[in-house]
Amino acid sequence: MAATFDSATTYLDRPTPLHFIGDSHTLAFSDRLYLHAGTERKLFIGRTGYINGLHARDVFAGDALHGSLIATLSAAGLIVDGDDAFEAYHRSPRTHWQRVAGAEGRERSEPCIVLSCGTLDLVRILGELASELRGAGSAAFAARHIDATFAPLASGLQWFRAMGFDRLAVLSIVPFARSDDLFREYFLVRTDAAVRESIVGIANRALAHVCARHGVAFIDRSADLCDGSVQRNELFPDCIHIGEQAATATVRRVIAWLRGGEQLPEPLDG
Amino acid sequence: MRPIYFIGDSNVMIFSHLSVAAPDCFAVPFIGRSLYCPQLSAADVIDADGRFDERFAQVLAGERLVVSGKDGKQYAPHRLSYASEHALSVGELLGSSTLDLDTLTSPPLVLMVGNLDLAWILAELGPNTDFFLNDPRYDGSVFEERAEVALVPGSLVREMVRSRLARLGTALRTLVDLGFEHVFVHSVTPPTSNDARYYRWRQIVTQASVRSKVVLLLNARLREIAHESGATFLDMWDATAERCVLAAKYVLDGDHFNKAAALLTFERLLNDLANRAPEPTPVTEHPLLSVLGIGQA
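Protein sequence lines correspond, in order, to chains A and B. Each residue of the first sequence is one higher than the one before, counting from 61 in the working numbering. Each residue of the second sequence is one higher than the one before, counting from -17 in the working numbering.
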């Protein structure tokens, strides 16, 4: 029997989008709604801009942001055509975009963009430099290598800031699977857990440093996602990617950052 | 939240992040997702070779509504499975299903075009031109009578409309063939009554009566095309028109309709979607709805 629609509809407040852009760790946020019920009741929604295979080392090359990032930002309406280059939609002075914003029936506001990348760079480093990452001096070696790998990301962050995206954050890299076999099966790279845990820690310190240098927020999720430095299995349904609970914990941290360090809001399943 | 995608000209913008819950029929609330294609007209959506307009293709790809298979063909992700002979790379599948924790279903797509075709036709007709229209929805008596107008045959305007919309059916069929089960075509909005405002937006000298008639012709043709193509025509004329122009309470800026009108569209959409569902999905204790204080059935 067909459903019968009655007009018992309720219109919700327009939620504020949180744009998670980057590798497959952005997918868990897609279209999930979150309520911040602190001093001011506010709805947020996760918007995912997934870029298949995005590495931090590819974020910026030459003098341009990675083409897939440009396409994703453009499709999300975050950047638009300017006179001879892209410009941030919320800052565009062109009459056309002001009219388009008017057609939305609300003021333009600066979007919140949260970038996720780095995992695939670490997988590549683990695969290519497995032997160098063991033994004395390996941590310093890894740190140097990671710094070089993240240099294009740093340029990318500069690009975002120059475009006028100030509500910009980078997610910490999630811990890898505990199981050597599972990691090998998924990424086709043979390593041991201790090396993986170590390199994630080093990479996150490097990311935090890059973010601090460019005035970008670093959303450190280690306390939420790890026991010590080890992945909390229950938060990773496929042992690789975060699930709903971890996504919620991440969003709580993002919202707390947006609201200037307010107490973390209660999670709400959308 | 389940997105409803509004794709097309600047009229899509008002739907951006509009959210509605209908817990009697749908377990999860819907949210409007605006995919704006600057200056997209109905005549542009697809070319003679069956290729989507670049702007249109970009927003479909950007929202991952269409993905490329290993065979190079394009697919709607919800139609793929791991077992598919066209199985995508792991990353593509991740993007489309495994980590999107809700059940993957065909998202509703609402195509919104026609305003720029209206402007094109009005510009072609020129100022002080009129034509006769036999349509019960059109009431010429509500407009001031004009002296010295040049009458052109109605068949000429109909032909212009047919020409502008000639390829839209191909675009709709392509979307249906890609696997989208809920493709809608939104009617062209009743025009503004204010000629000077219309001129400011479009730089075309024209009269409300002529705009109204051309919109009715466009909508009549859109209805036929939607029906022939497996899509659904969302006719919002009666709900939003008053005296053959956009009712004052639905006017946003002289060229677009406002949030109140957009919510009417939402209701019409949900009504249609609810009647498509094989079974109603009553929700008794949905955490989101209860926290938001939305009454349960």
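Treat each hint with caution, since some may be false.
As the list claims (entries may be wrong) - Part of the chain A face toward chain B, derived, beta carbon under 8 Å:
# : residue
1 : 93
2 : 123
3 : 127
4 : 130
5 : 136
6 : 165
7 : 169
8 : 299
To be verified - Negatives, chain B to chain A, calculated, CB over 12 Å:
#  : residue
9  : -8
10 : -1
11 : 1
12 : 3
13 : 31
14 : 43
15 : 46
16 : 108
17 : 144
18 : 149
19 : 237
20 : 240
21 : 244
22 : 249
Since the hints were derived computationally from the structure, they do not count as laboratory data. Cβ atoms here follow ideal geometry from the backbone N, Cα and C, with glycine treated the same way.
Okay, the hints, checked on the actual structure:
1. 93: holds (5 Å)
2. 123: violated (22 Å)
3. 127: This hint is violated: residue 127 (chain A) lies away from chain B, its Cβ roughly 12 Å from the closest one there, beyond 8 Å.
4. 130: Given a least distance of 10 Å, the restraint on residue 130 (chain A) is violated.
5. 136: With a closest approach of 7 Å, the residue 136 (chain A) hint holds.
6. 165: holds (5 Å)
7. 169: violated (12 Å)
8. 299: Given a least distance of 13 Å, the restraint on residue 299 (chain A) is violated.
9. -8: Given a closest Cβ separation of 5 Å, the condition is violated.
10. -1: About 4 Å separates residue -1 (chain B) from the closest Cβ of chain A, which leaves it inside 12 Å; violated.
11. 1: Residue 1 (chain B) not clear of chain A: closest Cβ-Cβ about 4 Å, inside 12 Å.
12. 3: Label violated. Min Cβ-Cβ 5 Å, cutoff 12 Å.
13. 31: It holds; residue 31 (chain B) is separated from chain A by about 23 Å at its closest Cβ, greater than 12 Å.
14. 43: violated (7 Å)
15. 46: violated (7 Å)
16. 108: holds (25 Å)
17. 144: Fine: 28 Å to the nearest Cβ keeps residue 144 (chain B) off the interface.
18. 149: holds (23 Å)
19. 237: Nearest chain A Cβ is 8 Å from residue 237 (chain B), so the label is violated.
20. 240: violated (6 Å)
21. 244: violated (8 Å)
22. 249: Per Cβ check, residue 249 (chain B) is inside 12 Å of chain A; nearest 6 Å; violated.
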